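On the provided structure of chain A, position chain B as indicated by the hints.
The residues making up each chain are set out below.
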Amino acid sequence: DVKVTQSSRYLVKRTGEKVFLECVQDMDHENMFWYRQDPGLGLRLIYFSYDVKMKEKGDIPEGYSVSREKKERFSLILESASTNQTSMYLCASSPQDGTGRRGEQYFGPGTRLTVT
Amino acid sequence: AQSVTQLDSHVSVSEGTPVLLRCNYSSSYSPSLFWYVQHPNKGLQLLLKYTSAATLVKGINGFEAEFKKSETSFHLTKPSAHMSDAAEYFCVVSPDRDSSYKLIFGSGTRLLVRP
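As given, the protein sequences belong to chains A and B, one line each in that order.
Residue numbers for the first sequence follow our numbering, so the first one is 6 and each next one is one higher.
Residue numbers for the second sequence follow our numbering, so the first one is 10 and each next one is one higher.
Don't read these hints as lab results, they were simulated from the structure.
Owing to the predicted nature of the structure, the values given are computational and were not obtained by experimental measurement.
Among these hints, one or two may not hold up.
What the hints assert, rightly or not - Covered stretches of chain A, going by a simulated chain B footprint (3 or more residues, C-beta under 8 Å):
1. 41 to 54
2. 81 to 89
Stated by the list, open to error - Pairs of lysine-lysine residues, derived as DSS-like cross-links and limited to a Cα-Cα distance of at most 27 Å, are as follows:
3. 8/A - 51/B
4. 62/A - 111/B
5. 111/B - 60/A
6. 78/B - 76/A
7. 111/B - 75/A
8. 58/A - 58/B
Said to hold, decoys possible - Residues from chain B that face chain A, not an exhaustive set, calculated with beta carbons under 7 Å:
9. 41
10. 43
11. 49
12. 51
13. 52
14. 53
15. 55
16. 58
17. 61
18. 103
19. 114
20. 115
Glycine is no exception: its CB is placed at the ideal position from the N, C-alpha and C atoms.
Looking at chain B on its own, in the form it has when it is part of the complex:
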């Protein structure tokens, strides 16, 4: 069965320092993987996605993620945190090879950015 595990429920960084949000997945085949972000009182927004092209994926707002099959990981990074990055981040796997409609969400990581 496909699943996704976010290793940290909360991550706190200082503004200007790097961000690392960790995600491991389980899938019986090469999956599609996504990061979604949810800012306070707003709906989720797609940050980036991996669909078997380049393993390093760039997203919006300076975020990127690297697909590592050997480690079954898809960690989200950003070189320098900004106050506006404070939000909840969800790692997501699409488990169905033939259809994109079903997504499995991780439990979320809340990113706090200290001034």
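One chain only, chain A, in its complex shape:
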């Protein structure tokens, strides 16, 4: 089974702190994603990466950056955390296009981040 792990289940940080959220997948997937999940809003894409060192902005990239130095690892960085970034953060991975598995993403359990 595909396994996507996230470094923390719960995290509490102070306003202005730099925050790192780590995600690791073990299925050699090319694509990796960071979403935030808020009640009533579903999931919104922050960034995704389709290859090592490659990234593209999603729908809500402001205040975030990402890093993908190795294929299995995708990091989300909050340069200066703010209270409006309190949310559930979900990481996902998927195989490359053309594998017949269009739209299949595998999710980690999430990190609930609270910024005080």
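Below, chain B alone, put in the same frame as chain A:
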């Protein structure tokens, strides 16, 4: 622009009764559609997907969904609810014809199952 609307934020059923979770989509071409499920304290899991083959799609745990182009709907059903079905369900559309990486999620429907 592509979008997906889940018509109910909460649905409550009794165990053993049918489940209906409603989803309407908007797309300029024939889309790929999915249902994902999120159990408490767990990541999302793919339940089923429609990618222009059969319009009636069967998924895991007895769920199925029917793609109705004339109604732009992709409702999720199950004949008999089980307590373990209590979770949040997301209807999802893949708006990009050529790439599967971008998914647009609905706002979610929380299914409650009463004993």
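Status of each hint after checking the structure:
1. 41 to 54: holds (count 7)
2. 81 to 89: Coverage by chain B is violated for the segment 81 to 89 of chain A (0 residues, Cβ < 8 Å).
3. 8/A - 51/B: holds (12 Å)
4. 62/A - 111/B: With Cα atoms ~11 Å apart, residue 62/A and residue 111/B stay inside 27 Å; holds.
5. 111/B - 60/A: holds (13 Å)
6. 78/B - 76/A: At roughly 38 Å apart (the allowed maximum being 27 Å), residue 76/A and residue 78/B break the hint.
7. 111/B - 75/A: It holds: about 21 Å lies between the C-alpha atoms, which stays within 27 Å.
8. 58/A - 58/B: Measuring from Cα to Cα gives roughly 30 Å; hence the hint is violated.
9. 41: holds (5 Å)
10. 43: holds (5 Å)
11. 49: violated (11 Å)
12. 51: holds (6 Å)
13. 52: holds (3 Å)
14. 53: The hint holds - residue 53/B has a Cβ within 7 Å of chain A, the shortest such distance being about 4 Å.
15. 55: holds (6 Å)
16. 58: This hint holds: residue 58/B lies near chain A, its Cβ roughly 6 Å from the closest one there, short of 7 Å.
17. 61: violated (10 Å)
18. 103: holds (5 Å)
19. 114: holds (4 Å)
20. 115: It holds, given that the least Cβ distance between residue 115/B and chain A is near 6 Å, below 7 Å.
Hint check: violations occur at hints 2, 6, 8, 11, 17; the rest are consistent with the structure.
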